[in-house]
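Asks: One-letter residues, chain by chain:
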Amino acid sequence: MSIEITNISKSFGQVQALKGVSAGFKEERIYGLLGRNGAGKSTLLNILTGRIFPDSGTVTVDGEPGVENDRAQGKIFLMSETTLFPDAMRVHRAFHWAGSFYPAFDEGYARGLAEDFGLNLKSKITGLSTGYRSIFKLILALSVNVPYVLLDEPVLGLDANHRELFYKRLLEKYAERPFTVVLSTHLIEEVANLIEDVIIIKEGEVLRQESREKLLSGGYTVSGGAAAVETYIQGRKVLGVDSLGGLRTAYVLGSPERDIQSARDLEFGPMDLQKLFIQLTNS
Amino acid sequence: MKIYPSFRLQLRDHAPAVIVYYAVLVSMVIISLIIMPFVTNPDDSGYVATNGVTAVTMIFSCIVSLCAFKDVFFLSLQYGVSRRTQFLARLMTMGTICAVLAVADELYTLLLQGLDHIFPNVFSGGSLYWMIYSSDGTSPKGPFFDIVFSFFALLAVCSFGYLLTVLNYRLNKLGKLLFWAGTPITVGLIVSYVSEHPAIAGRVVPFLMSLLGAGFSSLPRMLVTCTVLTAVFSGLTWLLMRRAAVK
Amino acid sequence: MQKLDLSGEKPIFLQIAESLEDAVLSGALSEGEQLPSITELSVQYTINPATALKGINLLVAEGAAYKKRGVGMFVSEGARAVLQKKRQGDFSGRFVGAMVLEAMRLGISRQELLDMVAQEYDCAEKGR
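Protein chains in written order, with our numbering: chain F, 1 to 283; chain A, 1 to 247; chain R, 1 to 128.
None of these hints come from the bench; they were simulated from the model.
Warning: the hint list may mix true and false statements.
Stated by the list, open to error - The list that follows gives simulated cross-link-like pairs (lysine-lysine, DSBU-like), each with its CA atoms no further than 35 Å apart:
hint, chain 1, residue 1, chain 2, residue 2
1, F, K122, A, K141
2, A, K247, A, K176
3, F, K168, F, K124
4, R, K54, F, K202
5, F, K26, R, K68
6, F, K214, R, K86
7, R, K54, F, K214
Isolated chain F (complex conformation) (with noise of 0.2 Å):
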């Protein structure tokens, strides 16, 4: 059971912003989609729930069609930037077609996540603060009681207490009834400890898919003063350099040798998500 894509293309004019992208989300799993800003992140998530065509390649969910299929769509929802809903339309005329088309969605358990978030139910959807029209998509996307739930830019606008509310909740319902997450996000550092995939992206192509731990596994800091530090990367493959003053903290990929003349006066530590992500994704 997964959503599968397989080598999608799209351009928009003369703007590639796809090149031959494949990827997998397993089920029960909590995905990290990072990439700069018009790396292709939303393009892919728009592309896998049919909001748009792919020039070329194919999405399978659960081992068919995924594009203008009912019953593969109905397993995802996709919370977006963009605001699909009508303009006149109130949060709990939302809520009651949500349940009209996800026969799985808790109304009772949405109506209490908006009380937990201060959202009033009778206000008009794009009516609503960038905050709180956030809030709002993510309330659906918790309640629709989906296999595959993709949010992209979940946290936008939210206030740092309504983002760790939000954490809170997903890791609750989560634990309660596992299913996939796909997180698309800029705000690395906060979802770093959450996620156990990672996928990257890069001017529209996968950079990296595999779990965190061997990403981060895969390489490691090491600091100290300029020269010891030049010295001990010769020959090694370097990701990129940090320089503060005569001190350098060079992010290196393989294992780090501890016991070699040159480590010497140079102290090592692990990889950070975040780290890597600028490293990888530089220019």
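Based on these hints, arrange chains A and R on the given structure of chain F.
Replies: Below, chains A and R without anything else, positioned relative to chain F:
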């Protein structure tokens, strides 16, 4: 299948407009009844004539269809409904709405006819069908025929309105400009060209008249023509809709 | 429970295990008592449940916790002794080594350091 909820969603989208439309029609009758004692002049006859209400309903249904696409399309995609299901639900909705409008028009016509009996020379209500086909007694008349006529006429109009709005959605800015400005200009140019050349007009006008006659000269012909038009408009709509993307 | 250092160098699952160990050692969690569930840990620290599970499994592997089917995880009888023994083994490397290194960097002599340790130990004993 999500076709039933999708049908309900689209029906709900139409409901308020339909209710308001008939509320306005009925309140106009009521206002007429209230002010009647004050303005009745024995010389005037039938000044509250609402003959052929279906002609107005056709314009109304066209406008409603013009507004029926984008909101529903977006919301349906958010809720994972395929374009195919949306389109099938649209056909069901169109059929239902047209049937409701046809019956409601007939009820309205009967209401006016009833008032005509009570206040002769003040109210008059003839159905559009009766005015076109059976006022001269050549075709059968009665509520059944009124309703059938209205239903098929409205169906053709609604499918045309919906086709226009889907086409408008698919066109980009330049396309919209070319289509909405270009079509009237082209038609205007052709008309003025034809009217200045009697030789051409002499051939084109009779041809158009005979085409109109062939298509609409009797109720059965009109039903066939409207069905064909509905099928053609809906077919074109599907071709435009099946690849429509969110933008 | 103490705050975790989510962006720190130490893996989260180790921090989870250590904070639970600390709770057992300090008596905040007594032997035979139920441990927080995976869900509670995951929600409390907003971490993936798999990470929380890994932390708890570490305690199980040490013999400090055990699983009651369908109920949850519990602190083993004798867990405190087990953990004390383990921590004693780690103690020199984890704490003393780092302290000596820092003392040397600051130019504190061997005798001064020993005196400081003795003084702090006395203080702590009195305070108990």
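Asks: Each hint: holds or not?
Replies: Results for each hint:
no.	hint	verdict
1	F:K122 / A:K141	violated (50 Å)
2	A:K247 / A:K176	holds (15 Å)
3	F:K168 / F:K124	holds (26 Å)
4	R:K54 / F:K202	holds (32 Å)
5	F:K26 / R:K68	holds (30 Å)
6	F:K214 / R:K86	holds (29 Å)
7	R:K54 / F:K214	holds (15 Å)
Violated hint for the displayed structure: number 1, the only one.
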